[in-house]
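Student: Protein chains in written order, with the working numbering: chain A, 1 to 346; chain B, 347 to 692.
It is worth saying that the hints were derived from the structure and are not from the lab. Given the structure is predicted, the values throughout are model-derived calculations rather than measurements. Mixed in with the good hints, there may be bad ones.
As the list claims (entries may be wrong) - Quick look at which bits of chain B chain A covers, simulated, 3 or more residues with Cβ under 8 Å:
hint	region
1	390-404
2	461-472
3	606-616
Claimed, not checked - In silico contact screen, one side only, chain A against chain B (beta carbon under 8 Å); selected entries:
hint	residue
4	Ala130
5	Gly152
6	Gly153
7	Lys162
8	Ala171
9	Thr244
10	Pro247
Using N, Cα and C, we set each Cβ at its ideal position, and we do this for glycine too.
2 protein chains.
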Amino acid sequence: MNDRFLRACRREPVDRTPVWFMRQAGRYMKEYQLIRARHGILDVCKTPDLAAQVTLQPIERFAVDAAIIFADILLPLEPMGLDVAFLEGEGPVIRNPLRQAQAVNSLRPVNHEAFRFSGEAIRRTRAMLADRVPLIGFAGAPFTLASYAIEGGSSRSYVTTKTFMYAQPRAWHQLMQKLVHTIITYLQVQICAGAQAIQIFDSWVGCLAPGDYEEYVFPHVQAMIEAIRAEGVPVIYFGTGTATLLPLMRRVGSDVIGLDWRVPLDEAWAVLGHEVAVQGNLDPVVLFAPLVEIERRVHDILVRAGQRPGHIFNLGHGILPGTPVDHVAATIEYVHKHSQHSHIRR
Amino acid sequence: MNDRFLRACRREPVDRTPVWFMRQAGRYMKEYQLIRARHGILDVCKTPDLAAQVTLQPIERFAVDAAIIFADILLPLEPMGLDVAFLEGEGPVIRNPLRQAQAVNSLRPVNHEAFRFSGEAIRRTRAMLADRVPLIGFAGAPFTLASYAIEGGSSRSYVTTKTFMYAQPRAWHQLMQKLVHTIITYLQVQICAGAQAIQIFDSWVGCLAPGDYEEYVFPHVQAMIEAIRAEGVPVIYFGTGTATLLPLMRRVGSDVIGLDWRVPLDEAWAVLGHEVAVQGNLDPVVLFAPLVEIERRVHDILVRAGQRPGHIFNLGHGILPGTPVDHVAATIEYVHKHSQHSHIRR
Numbered sequence: 001m002n003d004r005f006l007r008a009c010r011r012e013p014v015d016r017t018p019v020w021f022m023r024q025a026g027r028y029m030k031e032y033q034l035i036r037a038r039h040g041i042l043d044v045c046k047t048p049d050l051a052a053q054v055t056l057q058p059i060e061r062f063a064v065d066a067a068i069i070f071a072d073i074l075l076p077l078e079p080m081g082l083d084v085a086f087l088e089g090e091g092p093v094i095r096n097p098l099r100q101a102q103a104v105n106s107l108r109p110v111n112h113e114a115f116r117f118s119g120e121a122i123r124r125t126r127a128m129l130a131d132r133v134p135l136i137g138f139a140g141a142p143f144t145l146a147s148y149a150i151e152g153g154s155s156r157s158y159v160t161t162k163t164f165m166y167a168q169p170r171a172w173h174q175l176m177q178k179l180v181h182t183i184i185t186y187l188q189v190q191i192c193a194g195a196q197a198i199q200i201f202d203s204w205v206g207c208l209a210p211g212d213y214e215e216y217v218f219p220h221v222q223a224m225i226e227a228i229r230a231e232g233v234p235v236i237y238f239g240t241g242t243a244t245l246l247p248l249m250r251r252v253g254s255d256v257i258g259l260d261w262r263v264p265l266d267e268a269w270a271v272l273g274h275e276v277a278v279q280g281n282l283d284p285v286v287l288f289a290p291l292v293e294i295e296r297r298v299h300d301i302l303v304r305a306g307q308r309p310g311h312i313f314n315l316g317h318g319i320l321p322g323t324p325v326d327h328v329a330a331t332i333e334y335v336h337k338h339s340q341h342s343h344i345r346r
Numbered sequence: 347m348n349d350r351f352l353r354a355c356r357r358e359p360v361d362r363t364p365v366w367f368m369r370q371a372g373r374y375m376k377e378y379q380l381i382r383a384r385h386g387i388l389d390v391c392k393t394p395d396l397a398a399q400v401t402l403q404p405i406e407r408f409a410v411d412a413a414i415i416f417a418d419i420l421l422p423l424e425p426m427g428l429d430v431a432f433l434e435g436e437g438p439v440i441r442n443p444l445r446q447a448q449a450v451n452s453l454r455p456v457n458h459e460a461f462r463f464s465g466e467a468i469r470r471t472r473a474m475l476a477d478r479v480p481l482i483g484f485a486g487a488p489f490t491l492a493s494y495a496i497e498g499g500s501s502r503s504y505v506t507t508k509t510f511m512y513a514q515p516r517a518w519h520q521l522m523q524k525l526v527h528t529i530i531t532y533l534q535v536q537i538c539a540g541a542q543a544i545q546i547f548d549s550w551v552g553c554l555a556p557g558d559y560e561e562y563v564f565p566h567v568q569a570m571i572e573a574i575r576a577e578g579v580p581v582i583y584f585g586t587g588t589a590t591l592l593p594l595m596r597r598v599g600s601d602v603i604g605l606d607w608r609v610p611l612d613e614a615w616a617v618l619g620h621e622v623a624v625q626g627n628l629d630p631v632v633l634f635a636p637l638v639e640i641e642r643r644v645h646d647i648l649v650r651a652g653q654r655p656g657h658i659f660n661l662g663h664g665i666l667p668g669t670p671v672d673h674v675a676a677t678i679e680y681v682h683k684h685s686q687h688s689h690i691r692r
């Protein structure tokens with residue numbers, strides 16, 4: 001098996017820097033659009049054959065070093081009693097958002113059975129992958145899920161979420177605990193079914209001041225990551241806009257920290273300390289640039305990562321719709337070429 | 347005159363920390379809504395009596411230490427040939443966005459006459475203020491204006507803007523130069539008419555990696571700020587999500603750097619060095635929290651600012667619609683109370 005990705009998670013030497021992309025199965029691929037023309041996104045997620053098929057699409061086409069199961073971060077909210085829908089062109093919507101402290105009490109407890117579809121999708125994907133590359137499972141982090149549950153969708157300023165947090169801290173912490181319980185259950189199903197690493201997406205946590213992160217988020221993420229690591233797989237913790245949160249994020253105890261493009265990789269790694277692996281961090285928009293510009297920037301990131309083991313190449317956020325497919329292929333080639341040539345020890 | 351604000355811009359001792367709020371004249375005030383029920387936002391901006399009246403609304407109601415002229419950052423785009431509109435509930439839209447390099451050539455050069463309405467609004471406001479507090483003029487920064495001009499509105503990932511920048515760097519720099527010329531012209535009119543300080547809003551510049559900021563934005567902002575400071579007024583340079591850009595932003599040469607809430611004020615000031623004043627940096631959502639929580643956080647920011655002159659209290663971004671008016675009043679009171687009691691030298 002190509003185990004570069006898993007070795008890098010554990011900060012072991014690799015022959016070339018491993019590379020994969022968040023949302024590597026997505027709208028920028030024609031193969032994906034063909035499936036989505038006939039099936040809604042929730043259908044694809046919950047039909048194991050479709051989820052496996054979509055997960056494999058980038059593996060068949062590109063030389064990426066890991067697969068990530070096709071799913072949506074909001075799936076765990078459904079069995080808790082939240083009504084999740086995807087409106088075309090509008091992104092996710094929660095039709096019954098959590099606005100009152102009492103609503104937290106009525107969230108339903110979730111057991112492994114609720115995520116049977118996910119386990120099955122992972123089993124089929126693993127069979128189809130036939131150990132070519134490892135399979136990553138994932139979930140949204142409690143803050144990011146709470147923000148969707150409370151706002152009712154995506155948000156620019158997170159007024160409702162933060163106001164809930166400030167004005168009803170007890171209900172907030174109760175909500176976070178319930179989310180953590182659900183997420184752990186969901187990820188246990190994925191790991192049990194064969195997920196070989198887990199990524200936690202705290203995509204919107206960068207809207208918080210460091211003091212708020214420490215008080216309202218940190219203990220919950222830490223408890224969650226401890227429970228997941230106990231299952232024996234490496235854990236990646238990722239967010240965007242997190243430059244000032246990195247010292248706290250380091251303390252949650254993940255094996256890998258995912259970085260966005262706003263932080264120079266070497267500086268961020270120095271802040272985190274080198275006892276943790278890092279993943280990132282090309283601006284997803286750079287994939288729209290001319291190839292010569294992409295290559296220059298890939299090279300720059302690899303130079304910043306240096307000879308030290310423990311770097312996984314990725315974008316700083318998901319691949320954007322409209323990204324040229326040949327630029328994706330070229331980026332992977334540049335990563336492998338320049339990391340081979342930079343004498344990374346085996 | 348209450349000159350706390352201007353003294354703090356120059357890092358001179360003050361009796362209490364000055365405080366004002368971005369968007370302090372805005373939708374959260376009933377007085378403002380009454381005017382807007384009868385006039386579109388562009389009408390208010392371009393009718394000097396209305397602009398002056400709205401500018402004065404927060405001055406009549408609150409003990410803020412500065413007024414800021416009511417206007418919109420997109421106004422300078424209109425005389426350049428861009429068709430700016432405000433659709434209810436959707437924010438600003440440019441009906442003929444810049445998508446081709448050639449479109450930059452056809453932007454019209456702008457002279458002082460184009461901004462006569464702004465000079466007149468400032469003259470009337472100064473007369474109505476009668477030196478109670480100083481009046482701040484403002485403009486959008488070239489990157490933030492370019493992002494609206496190219497995207498055609500607000501954006502989440504700035505794909506079109508950055509792709510323009512990466513793929514057509516010559517046209518990009520030409521566009522930035524034209525914007526800088528227009529902005530300087532606009533601000534000269536404001537200063538000539540009586541604006542006593544200038545704030546430059548680079549609200550969305552935090553979407554850029556530091557290397558991109560340095561290459562595509564920095565030289566233009568630096569040239570612009572040098573020209574404005576030559577007019578003899580202090581300049582505040584503000585952006586959000588700028589934690590990793592601060593060392594570069596410091597070098598543009600403004601008198602004051604505006605900070606958002608993601609950076610602890612003391613740490614950011616240490617990074618900037620203490621030869622520059624700072625403005626900020628309460629999360630605007632904190633104004634929705636219970637008063638006891640607001641007071642605790644105001645106090646925390648004042649403690650971080652310490653005894654050193656050169657701190658202007660503000661939010662980390664504009665006041666949000668729906669902010670409780672009595673919380674705004676209380677926040678101002680807390681700033682004055684706690685900064686008086688912390689023995690700031692005169």
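Student: A separate judgement is required for each hint: does it hold in the structure or not?
Tutor: Verification of the hints:
1. 390-404: Violated - the region 390-404 of chain B has 0 residues with a Cβ nearer than 8 Å to chain A, which falls short of three.
2. 461-472: violated (count 0)
3. 606-616: Satisfied; 5 residues make the cut.
4. Ala130: violated, 35 Å
5. Gly152: violated, 15 Å
6. Gly153: Hint violated; A:Gly153 Cβ to chain B Cβ min 13 Å, cut 8 Å.
7. Lys162: Check passed: Cβ of A:Lys162 comes within 4 Å of chain B, closer than 8 Å.
8. Ala171: violated, 14 Å
9. Thr244: holds, 5 Å
10. Pro247: Since the shortest Cβ distance to chain B is 11 Å, the answer is violated.
The structure fails hints 1, 2, 4, 5, 6, 8 and 10 (numbered hints given earlier, in ascending order).
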